[in-house]
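Note that the protein sequences, when read in sequence, are chains A and B. Read left to right, the first sequence gives residues 1 to 244 (the numbering used here). Read left to right, the second sequence gives residues 1 to 244 (the numbering used here).
Since the hints were derived computationally from the structure, they do not count as laboratory data. Hints may contain errors.
[Unchecked claim] Beta-carbon label-pair distances, calculated as ranges:
#, chain 1, residue 1, chain 2, residue 2, range
1, B, A53, A, A105, 38 to 46 Å
2, B, R223, A, P71, 49 to 57 Å
3, B, I70, A, Y14, 32 to 40 Å
4, B, A145, A, G120, 27 to 35 Å
5, A, G40, B, R164, 54 to 62 Å
6, A, L107, B, A53, 38 to 46 Å
7, B, T169, A, P180, 39 to 47 Å
8, B, Q148, A, R102, 51 to 59 Å
9, B, A53, A, G160, 39 to 47 Å
10, A, E94, B, R77, 55 to 63 Å
11, A, R77, B, A134, 16 to 24 Å
12, A, L137, B, A119, 24 to 32 Å
13, A, P84, B, A163, 36 to 44 Å
All C-beta atoms, glycine included, are put in the ideal place defined by N, C-alpha and C.
2 protein chains.
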Amino acid sequence: MTRIKATIEYDGTYYHGFQRQPGMTTIESTLVEAIQKVTGEKLELWAAGRTDARVHARGQVIAFDTNSSIPPGRFARALNAVLPEDIKVLQSEEAAFGFHPRYDARLKHYSYLVYRQEAGRVFYRHQAYYLPYALDLGAMQEAAARLQGTHDFTSFCASGSGARNKIRTVVSCRVLERPPFLQINVVGDGFLYNMVRIIVGTLLKVGQKKMVPDQIDEVILGRNRALAGPTVPPQGLYLMAVIY
Amino acid sequence: MTRIKATIEYDGTYYHGFQRQPGMTTIESTLVEAIQKVTGEKLELWAAGRTDARVHARGQVIAFDTNSSIPPGRFARALNAVLPEDIKVLQSEEAAFGFHPRYDARLKHYSYLVYRQEAGRVFYRHQAYYLPYALDLGAMQEAAARLQGTHDFTSFCASGSGARNKIRTVVSCRVLERPPFLQINVVGDGFLYNMVRIIVGTLLKVGQKKMVPDQIDEVILGRNRALAGPTVPPQGLYLMAVIY
Numbered sequence: 001m002t003r004i005k006a007t008i009e010y011d012g013t014y015y016h017g018f019q020r021q022p023g024m025t026t027i028e029s030t031l032v033e034a035i036q037k038v039t040g041e042k043l044e045l046w047a048a049g050r051t052d053a054r055v056h057a058r059g060q061v062i063a064f065d066t067n068s069s070i071p072p073g074r075f076a077r078a079l080n081a082v083l084p085e086d087i088k089v090l091q092s093e094e095a096a097f098g099f100h101p102r103y104d105a106r107l108k109h110y111s112y113l114v115y116r117q118e119a120g121r122v123f124y125r126h127q128a129y130y131l132p133y134a135l136d137l138g139a140m141q142e143a144a145a146r147l148q149g150t151h152d153f154t155s156f157c158a159s160g161s162g163a164r165n166k167i168r169t170v171v172s173c174r175v176l177e178r179p180p181f182l183q184i185n186v187v188g189d190g191f192l193y194n195m196v197r198i199i200v201g202t203l204l205k206v207g208q209k210k211m212v213p214d215q216i217d218e219v220i221l222g223r224n225r226a227l228a229g230p231t232v233p234p235q236g237l238y239l240m241a242v243i244y
Numbered sequence: 001m002t003r004i005k006a007t008i009e010y011d012g013t014y015y016h017g018f019q020r021q022p023g024m025t026t027i028e029s030t031l032v033e034a035i036q037k038v039t040g041e042k043l044e045l046w047a048a049g050r051t052d053a054r055v056h057a058r059g060q061v062i063a064f065d066t067n068s069s070i071p072p073g074r075f076a077r078a079l080n081a082v083l084p085e086d087i088k089v090l091q092s093e094e095a096a097f098g099f100h101p102r103y104d105a106r107l108k109h110y111s112y113l114v115y116r117q118e119a120g121r122v123f124y125r126h127q128a129y130y131l132p133y134a135l136d137l138g139a140m141q142e143a144a145a146r147l148q149g150t151h152d153f154t155s156f157c158a159s160g161s162g163a164r165n166k167i168r169t170v171v172s173c174r175v176l177e178r179p180p181f182l183q184i185n186v187v188g189d190g191f192l193y194n195m196v197r198i199i200v201g202t203l204l205k206v207g208q209k210k211m212v213p214d215q216i217d218e219v220i221l222g223r224n225r226a227l228a229g230p231t232v233p234p235q236g237l238y239l240m241a242v243i244y
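Generate the whole structure from the sequences, applying the supplied hints.
Structure representation (structure tokens):
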């Protein structure tokens, strides 16, 4: 039995999120089907993060066990031959004994893309959030810096989330101009449900001067979802990398 | 009666090209339907260029006549309210008397995008041609320069085209690095059927050292489709602008 670790990318536009759901086409169900086709085995699949419907990945990490004779490094090519064109395996290798993509993850890096011009928007409608307003990037960067650190992120967690411990460490939160996009990068040791999308919604509220950067501290300390900004839509979000 | 000129962009992925065809959803049929919805009138629509299925536009120009009371500059917003999300009107205005988007065009600018990295390809599958090979850009630029000028472009015209006169002027043909893409820009006074896609296919053949830049002259002089490179796929092609 060999455990395979694979790094995958996908355009989440046409999937009902990562996680398997009865009767729905999800990233997980599509991957499981492809792996079964290639190995002929039943399998269990683990992933670093469960992305929501329309959310993308450029560096999702999965693992599965197999008795197949396919060399670990060859799984990428073998799976790409049967996967649909919006899911690709970038790399595959033998995993360390007992490796689990989610529990062993030290850090996750998410990016969120905002597209601000009218021209070109049809090409980015599934890949970025269209927000054609003036934004004060300096204020957004200041607010982003205040989110860095170890905090109780209750205010940045979708209500109804089952997580008991809402303390997380954001090691980096940055707002960058990456033409044609505004890119918001968030790296942390773990994320609550919708946390990145609420962080981005809050930073965009600051950018639109509906909130000042200093208020971020109050939002964190208030531990109340209503204090933070809105949850931005899913299509701008990318799971970029998982660091072990 | 007012003649309206409008500049539009579209993602051509899910359309059977620009031109109306019975029983097919095309860019033209979708535009006509939207304009009729907004004006309540029957109409004729003219366009600068007929793009093929899966080909995109960032600056297609259309015109139509209307008795509507909508101010010419307001048509953009009115039409965008009823158009699907993959077609947008960027600008609308009153056209000069007798204006025809195709016959009055002096120059057309097309771009072709090539995506060369494995990582990220799922996001560009409908927007660029994936070609993961090493390319000699210097040789491509040299070949591109040789295509500039007034020539008989028979070798760069899909066989079966009805055009009698195959002499066209390419005022600019350039190969540029536009990360994450390689971008090939072609500006000319008119284009034969598939001409841009055959020019790009020929430049990529030079880039892959299957042809040397000097051979371009022979390809042009030979007036034989078989001498040029292959027709590259449609999804990398964009009608960028029409110059009047």
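Indices of hints not satisfied (ascending): Hint 7 alone not satisfied by this model.
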